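One line per chain: the protein sequences are A and B, in this order.
According to the numbering used here, the residues represented by the first sequence are 20 to 292, in order.
According to the numbering used here, the residues represented by the second sequence are 385 to 729, in order.
I should point out that these hints are in silico values taken from the structure, not numbers from a laboratory.
Just so we're clear, the structure is a prediction, and the values are computed from it rather than from any experiment.
Backbone N, C-alpha and C define an ideal beta-carbon position, used for all residues, glycine too.
It is possible that part of the hints are untrue.
Stated by the list, open to error - Not everything, but these chain A residues come out facing chain B in the computed CB check (under 10 Å):
(1) 87
(2) 91
(3) 204
(4) 234
(5) 244
(6) 274
Claimed, not checked - Non-contacting residues of chain A with respect to chain B, defined by C-beta distances greater than 12 Å in every case (computed):
(7) 46
(8) 151
(9) 180
(10) 214
(11) 216
(12) 221
(13) 243
(14) 247
(15) 251
(16) 253
(17) 280
(18) 286
(19) 287
(20) 292
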Amino acid sequence: MRVEFVSGKGGVGKSAVAAALARLHARRGERVVAAAMLPNGGLGAHLGLTTLGPTPLAGVDGTFGFEVHRVAALEEYVRLHSPVPLLARLGGAIRAFDALATAAPGVRELITIGKILHDAGDWDRVIVDAVPTGQLGSYLAAPDVIRGLIPSGRVAEQATRLIGDLRHSSTVHFVTIAEELPITETLEAIEELKGLPSPLGTVFVNRTLLPLPTIPPTGGPVREAALLQQSLAEHQAAWRARVPPGPVLPFLFGATDPVLISDMLAVTLSEWL
Amino acid sequence: MTDVFCVTGAGGVGKTTLSAGVAVRLARTGQRTLVITVDPARRLGQALGLTDIAHDPRATTEPNLWASMLDARGSWEDIARRYAPADSAERLLGNAFFQAVARRFPASQSYAAADTMTREVQDGRWDAVVVDTPPSAGGVEFFTAPRDLLALINGPLLRALTGAGIPGSRTAFRFTVAPFLRIADGILGSAVLEDLTEFLFDLRTTVDGLTARSQAIERVYRSTRNLIVTTADPMPLGEALNFANLLPGLTSPPDSILFNRAVPPQWEHETIPPGDSPEVVNFRLWATEAARQRWLRQDLRDRLRTPVHTVAWASPGPAGTDDLARLIPNGLLESGPDGGHPGDV
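Bound conformation, chain B alone (with noise of 0.2 Å):
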């Protein structure tokens, strides 16, 4: 059985540096643990002890802990050539209309990141995998891919160039029929949704096989332990409380909340010495800034019914698994959903 634990949240709230940390506290405990990360800073490799990104797990200088580290502009090539028949990988991968699709559409990064957390944890040599999970609109992209992919793949589009019944001729798309098409052929062209046809048959062929591996996927969801990662900025924690209520049914709830960058508590408490110099001045503020993120979390914590864990806020990168490791609130990895440990607001 293994345990795979899923740390989401916005870009840049120190998602990676986190999971990286959560990882090394569980190799620790002697439990063979796998992180799986997504374009990783140069600085958080060189913590590991890694020197070039792989997709297939790496041994890191931490002894129990292995990284694998996905490229995320592969993830659509992967998509095409694992679920579409030869053929038709072959014309969707020089074709434009899909370069473009694949530009705009960042679920498949979360798309992969799912399917190779799937694919391990099926692989059942690990006791934990640690997902670091793509930055995402929302913050529950992570989740929703399988199905965001599948939407777009097999949705109104298709439906509408083609007709209700798929199979059959590639030509017999009917553009004089629908009021929208005899629209978009007046603006765009018949060439151009002839192509675009083209491009969605071949698109289609990767259906059944993404649709057997979204169900794997979505399996693998139901019991994965979540953490979500925020600072004090108004971006991430609007995502960790979409969090708690876009994600019914598909997920675990929320397991902690660990709390980034945190001001020392004890500093909004202090007795302020007299006088105005600069560092007087300067920790009033910093007084007034503990004193917000106390309040911030106090309401993530009631309205998400969570325990918050903070991280303090230091500028240093980490610079080893010692680093890493340091960063991990005592406590974290034994609180669950069900209460254990408060967490420390």
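With the rest of the complex left out, here is chain A (with noise of 0.2 Å):
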């Protein structure tokens, strides 16, 4: 099993990347699993489907699509590692439990990655829509984070697994778009990525306006419409520059359709990959 985080600066099409992620390796025969690590996201409608829920579906292309369900995720943890029998349904205790996680350091980030690193053995491979970079670093610390407050017993050494398993099996890819503010965000969260168990993958640059071979001379807008492509492509580069070489992924002009969107960004990513 292989899991790969796809993060970025909200906004810049992390969703449309990891569905067109999931799509290539489906096309390639793999069993692949893309999953959302909040609920609510872009992901399912690029994945073909209407709504994501706790279980994998079946989306475009063989792929399958789930959503990380804090609650349910939650339940599903505290019965593994409960040490007392529970009673059937734990309805109130669990909010509880979910409110106790809110302000526990750790914990909420941390049974979201043990239920994606758990369920992450029946498939060839994860692709995770993952927080924003913002977020992401407080997640795929969490596992430190609460061996360094509860020192001992169950929790601290599911803890320990988990960083081993972050560290062997799972790569963190960035999606970013050549501007300053995206740009700089992802340079800080690869920098981030140095103290962290997940090596980093793949960067990703979206949304991509590359220089035309000639400006025309004369042609009112058509000239207009190179100009502006010139200088936004020349800019774009510019800030492309600044982040490790990877995958151009290319502006979608008039495209609204998000299954057609991720099947343009997977046939752009197949000659990458």
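Starting from two chains that each stand alone, build the complex the way the hints lay out.
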């Protein structure tokens, strides 16, 4: 199994790229599941699913998709780890435990990461539509934070196991756009990742405009459009040069259908990966 | 009377730049204007002639315009120092749980911006205050931050750990009683629960101060003029639509939508020259993008019943206050929720 986290600044197209990666690997014959770390994102639509649930549903190209439901994952976790016999229904106790997990640092993050890695054994590859770069560090650091707060016992043991799993079978990809803020945030996230168990994977530069071979000397709007594209392309090239080289994904003019978008990105990715 | 403009929208749509543009335009009508922004890109500071980030208003190179730039990291420390008694504040700042909660709960940035906004409005020395709201989940966090913060501090966890009657002994929590506490105790260990309860007791001392402050902030929200910034990308569009759905009762309906990175709308209708030279093929692509954007703007205007103004897509960042002012469409600051300028769909 391989677990690939796909992160990036909010709005750069993480979900579309995650879905495209899942489609690419599924087309090549792997058993692939795409997992959304937070509910209600765009991943499902890019897989051709109207909703995602806590268990995998079949999407386009033989992919599967699910989203991590915090409370369901927590209940699963508590049942797995509780030292005392539990009632059939945990309702109120789980809600209270959820409130505890909000305040106790690392608990909620540990449960989300633990759920993803625990289920990964059933698949060749798990593509995770991850939280934005600003939050990813607290998830990947959670097992270590928990070990610091709770040095012994079953939670500490599980945290140690998770750190090993993250180190050996996960990578973190970043999606970015070649503009000042997304590139700056990506560089900061790459730096932060050096102190975390998961190694860096690939940096995908999305919504790229490429320079034209020639600019028409006359021609009204045709020339104006060429000039706009040229200046945006130069600006983007300068920002793109600052991140590690990786797949360059095109700006998709006029595209609105999420399934078509992930398809076009998957086609481009197949030339790079 | 201070006019307050709140500029909201997803991260990366150009909110900070357009907030500065709005502020420059207001300053140029002779109003004493303050722009409040969180963690601006260095280039924006340069465009305003500022060399450092300062919490207190600093004069910019533009007459009548001042800027406050908040450092996002300091917000929780501020909250602890401002609203907790000194001994509780000290314990809080040194507590591992506090550090972790502070890292995870970004609403504190929104709260810090709202708190600064309210202080400056109450100060009474500004004709206009422009707030570049911090990026947030769903685009409305700036307006819900005070209640989110209180819900966290005064929420179900503390009641679960301590019982309904809060005051009294710090060690009175009964973790053999509630079934969840038996589970938590077994998994986390009682030492962790005791540390956590200490932390929550200290945090709880901020509730009265925060409650009073939140009421003042919510009074300001009710009369703000709200500008939503979006681009043609799905996430900011979703957040723009969210804004209208989630805010009734908290603040005014949106005043205008600024549609940034707009392709010239007329490109959709140009006669495309024959042939398949790269320039012509390229122009066809831009024409389809112009058509898509027009459809998106129409949809936004219909669903939010709010004028939509375009801001042209251009590559270089603004180099000075003239560039910032030029970004803002004419008529934007005159239009209001009840009509006025129709926008330029």
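| query | Among all the numbered hints in the text so far, which are the ones the structure does not match? | reply | 1, 2, 8, 13, 14, 15, 16 and 17
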